[in-house]
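Undergrad: All chains, please: the whole structure from these sequences, using the hints.
If you want the building blocks of each chain, they are given just below.
Protein chains: 4
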Amino acid sequence: MRAAVVYKDGELLQKVLKVLEELGVEVEVFEEPKNELEDFDFIVSIGGDGTILSLLQKLRKCPPIFGINTGRIGLLTHSEPTNFPEELKFSVERFEVETFTRLSCIYGGEEILALNEIAVMSSSPAKLTTISVSVDGIELDRLRCDGMIVATQIGSTGYAFSAGGPVVDPYLDSFIVIPIAPFRFGWKPWILRSDRILEIQAENALLIADGQIEKNISGKVTIRKSNHPAVFFRKRGRFSELARKVKRIE
Amino acid sequence: MRAAVVYKDGELLQKVLKVLEELGVEVEVFEEPKNELEDFDFIVSIGGDGTILSLLQKLRKCPPIFGINTGRIGLLTHSEPTNFPEELKFSVERFEVETFTRLSCIYGGEEILALNEIAVMSSSPAKLTTISVSVDGIELDRLRCDGMIVATQIGSTGYAFSAGGPVVDPYLDSFIVIPIAPFRFGWKPWILRSDRILEIQAENALLIADGQIEKNISGKVTIRKSNHPAVFFRKRGRFSELARKVKRIE
Amino acid sequence: MRAAVVYKDGELLQKVLKVLEELGVEVEVFEEPKNELEDFDFIVSIGGDGTILSLLQKLRKCPPIFGINTGRIGLLTHSEPTNFPEELKFSVERFEVETFTRLSCIYGGEEILALNEIAVMSSSPAKLTTISVSVDGIELDRLRCDGMIVATQIGSTGYAFSAGGPVVDPYLDSFIVIPIAPFRFGWKPWILRSDRILEIQAENALLIADGQIEKNISGKVTIRKSNHPAVFFRKRGRFSELARKVKRIE
Amino acid sequence: MRAAVVYKDGELLQKVLKVLEELGVEVEVFEEPKNELEDFDFIVSIGGDGTILSLLQKLRKCPPIFGINTGRIGLLTHSEPTNFPEELKFSVERFEVETFTRLSCIYGGEEILALNEIAVMSSSPAKLTTISVSVDGIELDRLRCDGMIVATQIGSTGYAFSAGGPVVDPYLDSFIVIPIAPFRFGWKPWILRSDRILEIQAENALLIADGQIEKNISGKVTIRKSNHPAVFFRKRGRFSELARKVKRIE
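Heads up: the protein sequence lines correspond to chains A, B, C and D, in order. Numbering of the first sequence is given in the working numbering, commencing with residue 27 and proceeding in unit increments. Numbering of the second sequence is given in the working numbering, commencing with residue 27 and proceeding in unit increments. Numbering of the third sequence is given in the working numbering, commencing with residue 27 and proceeding in unit increments. Numbering of the fourth sequence is given in the working numbering, commencing with residue 27 and proceeding in unit increments.
In short, the hints are calculated from the structure, not lab data. Take these hints with a grain of salt, some might be off.
Note: identical chains are not told apart, hence a pair may lie in one copy or across any two.
[As the list claims (entries may be wrong)] Straight-line Cα separation of at most 30 Å, DSS-like style, residue types lysine-lysine; simulated pairs:
| hint | residue 1 | residue 2 |
| --- | --- | --- |
| 1 | K60 | K153 |
| 2 | K246 | K273 |
| 3 | K34 | K153 |
| 4 | K153 | K87 |
| 5 | K41 | K60 |
| 6 | K84 | K44 |
| 7 | K87 | K273 |
| 8 | K271 | K153 |
| 9 | K246 | K271 |
| 10 | K273 | K251 |
| 11 | K41 | K84 |
Being a predicted model, the structure only gives us computed values, none of them experimental.
TA: Structure below.
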């Protein structure tokens, strides 16, 4: 088996390589995520959730990812620097994986993928922009706001969390639609089935995928469930970890 | 075919009977919901969403329901007094139905069903009570509050709406867990898969199902997906109607 | 000087009496708050914020209160059991006081006082009631909800906090108007000048003052700033304590 | 008397000039706000609330402003195009004014004024920035967010409204402190006395006053009550208008 190790934080690198060597895995090391990561049997990420998100942006076809958390909360990672050897061995030996829906966002004929969320933002901070959201051709809402988020359930602890959204079961495949700072007396987040096709319309806006600014847009953006899910090694106790960690989000 | 007509508002009764007669349906009229409604081929409800909720409380096995709205918003009903004849004919002739998960709530060996929500409330208004919620044996939260709601996606426009919850796609089978007036600096609603088993623990509390006080409780209440869903005639444009009506909720 | 000591928690009583004796204060001990507390030069409360609130309900004319916290957060109290002797001596020797607006609530010709809040609640849990709020004769809002709260700035960390209200500067004399679980797409809390006169209208409702159910009401309740403020010994660092403790409210 | 007429929308200009001529007022017309507006006896603004906000940015000393609303809601304006002649005559003849606190924001030795709010925003959209807020030297909060708003009570219907803040009585002199999209499990808006001195600390942020980007900042911004309030002709029924219009904000 061939594994890629992507690290943001280099301190653990040698220890990780040693564990993988013991597992008989052939390893290549990457300082930065690259498309060729697609060709490995699995990926070990040393960093935080942000490292995994940026890594996923390089991958359409996604080998299983194992994350060692050197960041803050670590909802996408599988282990802490203190306990990663057992967890990594367990994961690689069992090789049980789980997949999570990614968003496929089409604008100008190009596809952008996101695990957490796609945000369409006013291109000028603190300037309201009018954004319309449609679901399967039905206008759900149209409001003046700083931006609009379409998130997956995994992204419910990302930007949608800040915008005031609920926490969604990691195993409930779904979309969250929520505005950022809407200038209106009443509004509500929406939780939708993941087979819905969403369209967001805005002028002079920024398209942001998992926190990375992708491009300036004007007009219509289509968002739907991607055929290229994110793949992770199965994480034991993912739900109970979430229940515990969500209160510590800051 | 045999139909039961349950009416809260009697004004339309004769018109409804006439339409059903034209459809060749044998009819029995009920001023109040009764268990024997289970034995009919379908039910016509003349009233508001509350009429349908109270009707469902009498039914385990649920014949398809058709609602004529004489109440406020009418998210569970199929037609207004002005357009019911066409809609009713269409529904009965096609006989396409859709089912929605109900909550099965077990306390003291007894089962209570609810379409919208189960609420566990402090038995004394404005007195905080401590409520704990567990999901598949994992404690999700424990807080002092006026009460705790477990709702279905259909109930997202019920009491959970008032408590600050999101609007959930009527076709996304799911549970909403949300406290009422929690006395804590931070809290979030949760959206869960409907195959989760929930336990709510509280002392000296009231158990309320779809707005009806059921009993005084102390200890543990178990809530899960019932084997007895609510059955409705298919409602064309249910989602677009929801998108439109949700802003008018008051 | 004559002091009354009211205790909910008796463990500290002897220590408190000893400190007061050393200060040359004549003391009378009360297991329960009584109206005659009005006639003392100051009051020492051993208990939590709730003890002080129930004590205040017996007082129109209010001698300065010193609180020793044996409860949870202790936003109204002046000291903890560990440090009360210095704080109590300091307070009694300096005798600097500060006053906080109480709400005067008139219903049926009778006056009820509250330091934190007056709540008008649906008399049946989980049953919506329609409540209207007017300010100086202008209808601010009318909505279906579980209840309506009028709080002082001190009460911003009480029931209004649970209902979703902001934290208000303890030295900004003001009223908070906020509904509990409003069944409406849009709503907002209001922060008002404390010289406004409020009227709340509801049918078959409960009137609750600082967490105590006072009476069943139907019709109009008038709420305004009372001529009988609550009086406390000056609390050094009240604002910084609030900034620190508010995050720990639960 | 000398009046300046500032117009964003020119359609009404001739009518306004005619009314002012009848009142015997000498008039000068401005297509854009300029500092010399300070030297007039009063100002007539033809436009929306935004026109008045941009006009105020040119004024330290502020002559009384009369607003004719050609924008959306019109909370700062005094009349609509249909009824302005009576209102304008009434205002000029009576010459009763009211003043509203403006924020004085000091950064790098320079002062910026704002009527609605000062916002410190992440300079990169959708990138969290860490912002700390202190009040009279006490740290109120420190969190990762899109931005932080300090608003006046008049600004409670501005950006603070979108961020989730309450509506504040226009005659309750106060500051609102509220984060935009805070990435934390718990947070609350704060309402403060207007004699508090606030400091906001952030790195690589934007300073925005009443919706206009002022400058890039790093470090500490001080915000306090300005000595140069905004001055308006008295608006009859300001509070009742607010109660009515707030529900229409969008």
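Undergrad: Please go over all the hints and tell whether each is borne out by the structure.
TA: Against the structure, the hints:
1. K60 x K153: Result: close only across copies, 23 Å inter versus 36 Å intra.
2. K246 x K273: Classified as between: cross-chain Cα gap 24 Å, same-chain 36 Å, threshold 30 Å.
3. K34 x K153: between (35 Å within a copy, 18 Å between copies)
4. K153 x K87: between (38 Å within a copy, 27 Å between copies)
5. K41 x K60: Within. Shortest intra-copy distance 22 Å satisfies the 30 Å Cα cut-off; inter-copy 66 Å does not.
6. K84 x K44: Cα proximity of K84 and K44: one copy only (26 Å, versus 65 Å across).
7. K87 x K273: Neither: 33 Å inside a chain and 41 Å across chains, both beyond 30 Å.
8. K271 x K153: between (34 Å within a copy, 22 Å between copies)
9. K246 x K271: Intra 36 Å, inter 25 Å, cutoff 30 Å: inter-copy only.
10. K273 x K251: Intra 29 Å, inter 27 Å, cutoff 30 Å: intra and inter.
11. K41 x K84: within (25 Å within a copy, 62 Å between copies)
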